Amino acid sequence: MGIISRGFGGRRRESVPGLPPGQYLTHDFPVLSAGPTPRVPLDRWRFTITTETGEKTSWNWSEFQALPAEDFTVDIHCVTKWSKLGTTWRGVSLDTLLGDVESSADYTMAHSFGGYTTNVPMEDLLDGKAWVVYKFEGEDLHPEHGGPARLLIPHLYFWKSAKWVTGLTLMPEDEPGFWEAAGYHMYGDPWREQRYQGD
Amino acid sequence: MTATSTEEFEDGATLDGNAMAGDLREVFAVDVTSARYMCAGCRHTDAVATLRLWNRAPGLVARCPNCEDVVIRVVRAPDKVYLDLRGSVRLEVPLEGV
Ligand SMILES: [Zn+2]
Numbered sequence: 001m002g003i004i005s006r007g008f009g010g011r012r013r014e015s016v017p018g019l020p021p022g023q024y025l026t027h028d029f030p031v032l033s034a035g036p037t038p039r040v041p042l043d044r045w046r047f048t049i050t051t052e053t054g055e056k057t058s059w060n061w062s063e064f065q066a067l068p069a070e071d072f073t074v075d076i077h078c079v080t081k082w083s084k085l086g087t088t089w090r091g092v093s094l095d096t097l098l099g100d101v102e103s104s105a106d107y108t109m110a111h112s113f114g115g116y117t118t119n120v121p122m123e124d125l126l127d128g129k130a131w132v133v134y135k136f137e138g139e140d141l142h143p144e145h146g147g148p149a150r151l152l153i154p155h156l157y158f159w160k161s162a163k164w165v166t167g168l169t170l171m172p173e174d175e176p177g178f179w180e181a182a183g184y185h186m187y188g189d190p191w192r193e194q195r196y197q198g199d
Numbered sequence: 001m002t003a004t005s006t007e008e009f010e011d012g013a014t015l016d017g018n019a020m021a022g023d024l025r026e027v028f029a030v031d032v033t034s035a036r037y038m039c040a041g042c043r044h045t046d047a048v049a050t051l052r053l054w055n056r057a058p059g060l061v062a063r064c065p066n067c068e069d070v071v072i073r074v075v076r077a078p079d080k081v082y083l084d085l086r087g088s089v090r091l092e093v094p095l096e097g098v
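Protein chains in written order, with our numbering: chain A, 1 to 199; chain B, 1 to 98.
FYI, nobody ran anything at the bench for these hints, they're computed from the structure. One or more of the hints may lead you astray.
[Said to hold, decoys possible] One-sided and incomplete, this derived list gives chain A residues near chain B with beta-carbon spacing under 7 Å: (1) F29; (2) P38; (3) P41; (4) L42; (5) W82; (6) Q194.
[Said to hold, decoys possible] Within a straight-line C-alpha distance of at most 35 Å, the following computed DSBU-like cross-link-like pairs (lysine-lysine) qualify: (7) A/K81 to B/K80; (8) A/K56 to A/K129; (9) A/K129 to A/K84; (10) B/K80 to A/K84; (11) A/K129 to A/K81; (12) A/K135 to A/K81; (13) B/K80 to A/K56; (14) A/K56 to A/K135; (15) A/K135 to A/K84.
No experiment lies behind these values; they were computed from the predicted model shown. For every residue, glycine included, the Cβ atom is placed at its ideal position computed from N, Cα and C.
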């Protein structure tokens, strides 16, 4: 911390050691959106995992709330170059959600209300690396930020953390989602700066 | 309905298809915002300039004002532009001076 007050010139870019390459630090929470914000009533909300054989496991909102939740703090990195450190969330680990699902699929596709999709390898969802979150900084997750619930995979660029997530399809082969089909990287590791195809 | 960059459409888009002109000018020798699209979702057809544009995103997302399906996606990498047209059945581009 320097002697010059932070917050002076709110949009000033800080370059901070320890951030992934090409990223700058932001203190606000930019809203990125590829379409209209869906307003999902909780009585219509469901999260469904569909395996490669078509078996479905699903939770409605109250069943989902009854699952063991975790509170955790992580850094997030958006491909549009902002990073936000020390964000606090509450949600259900994908280890819990995938625990009883019979599958040998190596890849998954996350689906959202509104039609958004993004592909994530199965191993990136397991071992405490990914959650379906419904609280941010102690508050219900706002629709602008993906509420009622979004995927959170902090070790990948934030476009992989699908807002308004409604389920996962498990797949034997990798397939591109919404942004991956339009030129973004299939995997999206911020530490290797995998922004676009070929990076 | 017209909108400037400071207004918002009811569906939350801040811009219309005219705002893609700059990026598309680098790809095509014609002004694509004056071309007509046909939406692959609902077959609605109109000028590209009338699409609803979301630009606070990793790319530009232009949606059909009739059915909200994505018609055009534009992604800018440092050394190339990706143009994803799977949401449009066709583009009808007027040729100048013919
Ligand atoms: Zn349409």
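Against the structure, the hints come out as follows:
1. F29: Not OK, violated: A/F29 not within 7 Å of chain B, min 13 Å.
2. P38: violated, 10 Å
3. P41: The hint is violated - A/P41 has no Cβ within 7 Å of chain B, the shortest such distance being about 18 Å.
4. L42: Nearest chain B Cβ about 21 Å off; hint violated.
5. W82: Since chain B brings no Cβ nearer than about 12 Å to A/W82, farther than 7 Å, the hint is violated.
6. Q194: Violated, about 12 Å.
7. A/K81 to B/K80: holds, 18 Å
8. A/K56 to A/K129: holds, 23 Å
9. A/K129 to A/K84: Status holds; Cα separation ~17 Å.
10. B/K80 to A/K84: Distance of about 28 Å is within 35 Å: holds.
11. A/K129 to A/K81: Given pair A/K129, A/K81 holds - Cα atoms ~21 Å apart, limit 35 Å.
12. A/K135 to A/K81: holds, 24 Å
13. B/K80 to A/K56: violated, 40 Å
14. A/K56 to A/K135: Status holds; Cα separation ~26 Å.
15. A/K135 to A/K84: Cα-Cα ~16 Å, so holds.
Comparing the model with each numbered hint stated earlier shows that hints 1, 2, 3, 4, 5, 6, 13 do not hold.
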